[in-house]
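Enquirer: Each chain is listed here by its residues.
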Amino acid sequence: MSELEKNAEAAEVAEVPEEALNEPLYFDMEPKDGASAHIRSFPAVEEFQEQLGYPGERPENWQEVALAKMDELRGKFRSFRLFLDICVKCGACTDKCHYYMGTSDPKNMPVGRQDLLRSVYRRYFTLPGKWFPSLVGARELTEEVLDEWYTYYFQCSECRRCSVFCPYGIDTAEITMAAREILDSVGYGMKYTNEIITKVFKVGNNLGLPKPALESTLEDLEEEIEEDTGVKVRLPLDEPADILLVTPSADFFAEPHIDGLIGYAKVFHAAGVKWTISSYASEAANFGMFIGSYENMRRIALRIRKAAIDLGVKRIIIGECGHAWRAAYSFLNTLAGPFDFLDPKYPVPQHICEFTWDLIQQGKLKFDKSQNDHLKLTFHDSCNVARASRMGDYPGGQFDIPRNIIKAVCNHYYEMPEGTTHEATLCCGGGGGLLTDDLMELRKKGGSPRMKALKQVRDEYGVNKMAAICAICKAQFTKIMPEHGFAVDDIMSVHQLVSNAIILPGSIQEKELMEEQGQAADAAE
Amino acid sequence: MGENPVLTTVFALLYYVAFAIFAGGIAYRIYEYARTPAPLKIPTTPAPTTRAGVVWRMFKEVLFFESLWKGNKWIWIFAQLFHASLWLILIRHARYFIDPVPTLVTLAQPFGKYAAITFVLGALGLLARRIFVPRVRYISAPSDYLMLLMFLGIGISGISMTFVSPVDVVGVKAFFLGLITFNWQPLPSSPNLLIHLGLVALWMIIFPFSKLLHAPGVFFSPTRNQVDNPREKRHVAAWALELERKESA
Ligand code: HEM
Ligand code: SF4
Ligand code: SF4
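Quick mapping for you: the protein sequence lines, in order, are chains A and B. The first sequence begins at 1 in the numbering used here and counts up by one. The second sequence begins at 1 in the numbering used here and counts up by one.
Hints are supplied without guarantee of correctness; some may be wrong.
To be verified - Straight-line C-alpha distance at most 30 Å; calculated BS3-like pairs for lysine-lysine:
{"#": "1", "chain 1": "A", "residue 1": "K306", "chain 2": "B", "residue 2": "K246"}
{"#": "2", "chain 1": "A", "residue 1": "K314", "chain 2": "B", "residue 2": "K211"}
{"#": "3", "chain 1": "A", "residue 1": "K274", "chain 2": "A", "residue 2": "K511"}
{"#": "4", "chain 1": "A", "residue 1": "K211", "chain 2": "A", "residue 2": "K199"}
{"#": "5", "chain 1": "A", "residue 1": "K455", "chain 2": "B", "residue 2": "K73"}
{"#": "6", "chain 1": "A", "residue 1": "K479", "chain 2": "A", "residue 2": "K455"}
{"#": "7", "chain 1": "A", "residue 1": "K76", "chain 2": "A", "residue 2": "K232"}
{"#": "8", "chain 1": "A", "residue 1": "K452", "chain 2": "B", "residue 2": "K70"}
{"#": "9", "chain 1": "B", "residue 1": "K233", "chain 2": "A", "residue 2": "K455"}
{"#": "10", "chain 1": "A", "residue 1": "K130", "chain 2": "A", "residue 2": "K76"}
{"#": "11", "chain 1": "A", "residue 1": "K407", "chain 2": "A", "residue 2": "K479"}
{"#": "12", "chain 1": "B", "residue 1": "K73", "chain 2": "A", "residue 2": "K76"}
{"#": "13", "chain 1": "A", "residue 1": "K232", "chain 2": "A", "residue 2": "K130"}
{"#": "14", "chain 1": "B", "residue 1": "K211", "chain 2": "A", "residue 2": "K345"}
{"#": "15", "chain 1": "B", "residue 1": "K233", "chain 2": "A", "residue 2": "K76"}
{"#": "16", "chain 1": "A", "residue 1": "K364", "chain 2": "A", "residue 2": "K232"}
{"#": "17", "chain 1": "A", "residue 1": "K130", "chain 2": "B", "residue 2": "K211"}
{"#": "18", "chain 1": "A", "residue 1": "K274", "chain 2": "B", "residue 2": "K233"}
{"#": "19", "chain 1": "A", "residue 1": "K191", "chain 2": "A", "residue 2": "K32"}
{"#": "20", "chain 1": "A", "residue 1": "K76", "chain 2": "B", "residue 2": "K211"}
{"#": "21", "chain 1": "B", "residue 1": "K70", "chain 2": "B", "residue 2": "K60"}
{"#": "22", "chain 1": "A", "residue 1": "K306", "chain 2": "B", "residue 2": "K73"}
{"#": "23", "chain 1": "A", "residue 1": "K452", "chain 2": "B", "residue 2": "K73"}
{"#": "24", "chain 1": "A", "residue 1": "K32", "chain 2": "B", "residue 2": "K73"}
{"#": "25", "chain 1": "A", "residue 1": "K511", "chain 2": "A", "residue 2": "K407"}
{"#": "26", "chain 1": "B", "residue 1": "K70", "chain 2": "A", "residue 2": "K32"}
{"#": "27", "chain 1": "B", "residue 1": "K70", "chain 2": "A", "residue 2": "K407"}
{"#": "28", "chain 1": "A", "residue 1": "K364", "chain 2": "A", "residue 2": "K511"}
{"#": "29", "chain 1": "A", "residue 1": "K69", "chain 2": "B", "residue 2": "K246"}
{"#": "30", "chain 1": "B", "residue 1": "K246", "chain 2": "A", "residue 2": "K199"}
{"#": "31", "chain 1": "A", "residue 1": "K32", "chain 2": "B", "residue 2": "K211"}
For the record, the hints were derived by calculation from the structure and aren't laboratory data.
Please construct the entire structure, taking both the sequences and the accompanying hints into account.
Expert: Right, here's the structure in full:
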């Protein structure tokens, strides 16, 4: 099949059939074999493969290459080797994946997904698999198997929900990453992820926004803020500063992301710090993580180091993004450290929520919570923040800090049901490099468990907005929430709420508030 | 109960081989796991921020299956029945290899006797899940059923020796002590004992090549054994440092 035909075929299946939307929201626990076998993302074309250091076409001896890659990875990553060996098939993870919940395809059960690769690993790398393949479920690496890998390893958002419940912490995301790296090594990469990484290297961000575009966006935002508040709040680009802000590029143009960016700018302004965005590293996302490529992940991370050095900053702060926070919190020091040239008083990197919460605790920010009184909020924990990183100085700070901020700026806050938040949070359905239109059917189905939890608090408490701190979650929810009876703008950035409520010194809002308080005081007399 | 020199020789050799594969195999796997780096910090968070915290987390995982408890109560109950009984049984069996018998082992005797029953119940529960829960049936290979049948065989033949037709335990102890001291003693030849010992030898042989590796493996699982301190301490694998060095050269 030619590339074009493949794409055309995938485009057809990307249409969501009517009845899929009318199916029960949650799921049928019974596995339905092959239920999502038709959902396939577009493979990458030659050009993008090669720019990432992978072959553009499938080599003649692709089996050898793939197995050699598998062997290499099991030598380099203990997680991969160990997890393939020790799964006892207990079944605890089988009902934990939102893609299984949404599709009922047993190959979307975490262990089912692992077995797609484990069966091949057993066949070539273990004695029982070599001697008694059918006894232990081992199989040859054929073209069908490779296609199956491509299909189902791009139906995993690497959200790690399965790893929470596995008695050995087996993290299917680790297997998915390795599988994607193996697929890339035989020229079978994914269009969306690999094209984006190419853009990061070429232009500096996932969206391919060049410096002039960034400049004019930031200027527009400055004007907008000044109109709203009467205060000149700067959004500096490539200026010498103390703080480098690295944020997902969606913050520069997408809704509701951009309102979050406005929020960061106001917080920086109120704190009186000198900060800047870098056009060279104008992207916090690191899709190298999604495709399991240490080398590409490192190349992307090194941009942040270079920007920090070039701009002579003392601190690095990361904007609202889930996997970017994992790549920064958990991996940046490993990939691009040591950061001994930065101010040792602050952790490297810091999350914007840590920064804002510190200021709130010190009483340095002033809010008028009533500005958010028309909102009844809940908070969606993003997978990579919840299960793959931390905020603050104690385990679980990643749950408390964003909630603390929301509660400091809003009066009405409600939790979604237990088992769908904190470490057990349900993925938005679009993470892990799946946020592409060619996977829309999967995204809708995978997002349905979260939507169900949201409907529960809507019906129970009248919740009308959900806040999140992840660019991917926000983009995904703007797409799927309208399908479930919510409005496009019912998903909000946490710093959008901050932005609504913050009272900047000398602003129109400050004047209004003082007048109100004055009147209230007069009335009381 | 007769004694048969051929049988004694066969079982003596079988146990030397089984033990060599068991001990050597597990040691080699541990060496492999220990040698393979975990190049990135990937603890499933919230995770402990200190070494001591990790030891506590691992303790709860290994003894109480904390994650499994969060994941599935039924599996947890059967797994605990199965494993807790297993530990008691293993302790109780120490009396066949150590002379004089340590006090701890003597204390475990009365419980150990009934542990065989709870062990079998646990294994039956797990087997029932494998057969009747469609999701678990889907992920089960023939080896997964056989593994449980093997444990059931070990358990039931064991129970039969305690409660149905007792064997010459003194003779069994003499046989094993003889193996250890290379001074072979005849093995009592009751059929239930031979089945029991045969299956246990099989268990030892397949251990290093099967999912039984979860026992040593859990201690090496990076999502459970890593300290959550990536910002405070730089964590780099040797091969990644090599990569950096090559690049800067
Ligand atoms: C560090 C020690 C160990 C830990 C933490 C541990 C933990 C577990 C857990 C959590 C399960 C999953 C639940 C289940 O399916 O039962 C399991 C399964 C199993 N364990 Fe262990 N185990 C340990 C040692 C052992 C040992 C020494 C054996 C054998 C002699 C063993 C044999 C099994 C078997 C056969 C299963 C699979 C049961 C099935 O097929 O459903 N385990 N183990
Ligand atoms: S919970 Fe862990 S051990 Fe159990 S089947 Fe899933 S991956 Fe395997
Ligand atoms: S990592 Fe998330 S998406 Fe992938 S198998 Fe596990 S639960 Fe499913």
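Enquirer: Hint by hint, say whether it matches the structure.
Expert: Do the hints match the structure? See the list:
1. Between the alpha carbons of A/K306 and B/K246 the distance comes to roughly 18 Å, so the proposed pair stays at or under 30 Å and holds.
2. Simply put, A/K314 and B/K211 have alpha-carbon atoms about 49 Å apart, too far for the 30 Å limit, and the pair is violated.
3. For the hint linking A/K274 to A/K511, the alpha-carbon distance of about 26 Å falls within 30 Å, and the restraint holds.
4. Between A/K211 and A/K199 the alpha-carbon distance is near 13 Å, which keeps this suggested pair within the 30 Å criterion.
5. The hinted pair formed by A/K455 and B/K73 meets the criterion: a straight-line CA distance of about 27 Å does not exceed 30 Å.
6. For a cut-off of 30 Å, the pair hint linking A/K479 to A/K455 stands: about 16 Å separates their Cα positions.
7. A hinted pair counts as satisfied when its Cα atoms are at most 30 Å apart, and A/K76 with A/K232 does not qualify at roughly 51 Å.
8. Under the criterion of a C-alpha separation no larger than 30 Å, the hint pairing A/K452 with B/K70 is consistent with the structure, at around 21 Å.
9. For the hint pairing B/K233 with A/K455, the CA-to-CA distance comes to about 42 Å; that exceeds 30 Å, so the pair is violated.
10. A threshold of 30 Å between alpha carbons decides the hint, and for A/K130 with A/K76 the separation of about 23 Å falls inside it, so the pair holds.
11. This hinted pair checks out: A/K407 and A/K479 have alpha carbons roughly 27 Å apart, not beyond 30 Å.
12. Pair hint B/K73 plus A/K76 does not hold up; C-alpha atoms about 35 Å apart against a cutoff of 30 Å.
13. A threshold of 30 Å between alpha carbons decides the hint, and for A/K232 with A/K130 the separation of about 70 Å lies outside it, so the pair is violated.
14. Only pairs whose Cα atoms come within 30 Å are accepted, and B/K211 paired with A/K345 is rejected, the gap being roughly 47 Å.
15. Restraint check for B/K233 and A/K76: the C-alpha separation of about 21 Å stays at or below 30 Å, so the hint holds.
16. Between A/K364 and A/K232 the CA atoms are separated by roughly 19 Å; this keeps the pair inside 30 Å, and the hint holds.
17. Of the pairs offered as hints, the one joining A/K130 and B/K211 holds, with about 16 Å between alpha carbons and a cut-off of 30 Å not exceeded.
18. Only pairs whose Cα atoms come within 30 Å are accepted, and A/K274 paired with B/K233 is accepted, the gap being roughly 27 Å.
19. Of the pairs offered as hints, the one joining A/K191 and A/K32 holds, with about 28 Å between alpha carbons and a cut-off of 30 Å not exceeded.
20. This hinted pair checks out: A/K76 and B/K211 have alpha carbons roughly 21 Å apart, not beyond 30 Å.
21. For the given pair, B/K70 sits about 12 Å from B/K60 by alpha-carbon distance, which is consistent with the 30 Å threshold.
22. In summary, the hint linking A/K306 to B/K73 is not supported, as the alpha carbons are separated by about 50 Å, beyond the 30 Å threshold.
23. Taken as a hint, the A/K452 and B/K73 pair is honoured in the structure, with Cα atoms around 23 Å apart against an allowance of 30 Å.
24. Restraint check for A/K32 and B/K73: the C-alpha separation of about 24 Å stays at or below 30 Å, so the hint holds.
25. In summary, the hint linking A/K511 to A/K407 is supported, as the alpha carbons are separated by about 24 Å, within the 30 Å threshold.
26. Restraint check: the Cα-Cα separation between B/K70 and A/K32 comes to about 26 Å, which is no more than 30 Å; the hinted pair holds.
27. This hinted pair checks out: B/K70 and A/K407 have alpha carbons roughly 28 Å apart, not beyond 30 Å.
28. Proximity of A/K364 to A/K511 is assessed by CA-CA distance (about 18 Å); at most 30 Å being required, the pair is judged to hold.
29. Taken as a hint, the A/K69 and B/K246 pair is honoured in the structure, with Cα atoms around 21 Å apart against an allowance of 30 Å.
30. A C-alpha spacing of about 26 Å is found between B/K246 and A/K199, which places the hinted pair at or below 30 Å, so the restraint holds.
31. Using a Cα cut-off of 30 Å, the hinted pair A/K32 and B/K211 holds, with the two alpha carbons roughly 26 Å apart.
When held up to the earlier numbered hints, the structure conflicts with 2, 7, 9, 12, 13, 14, 22 and fits the remainder.
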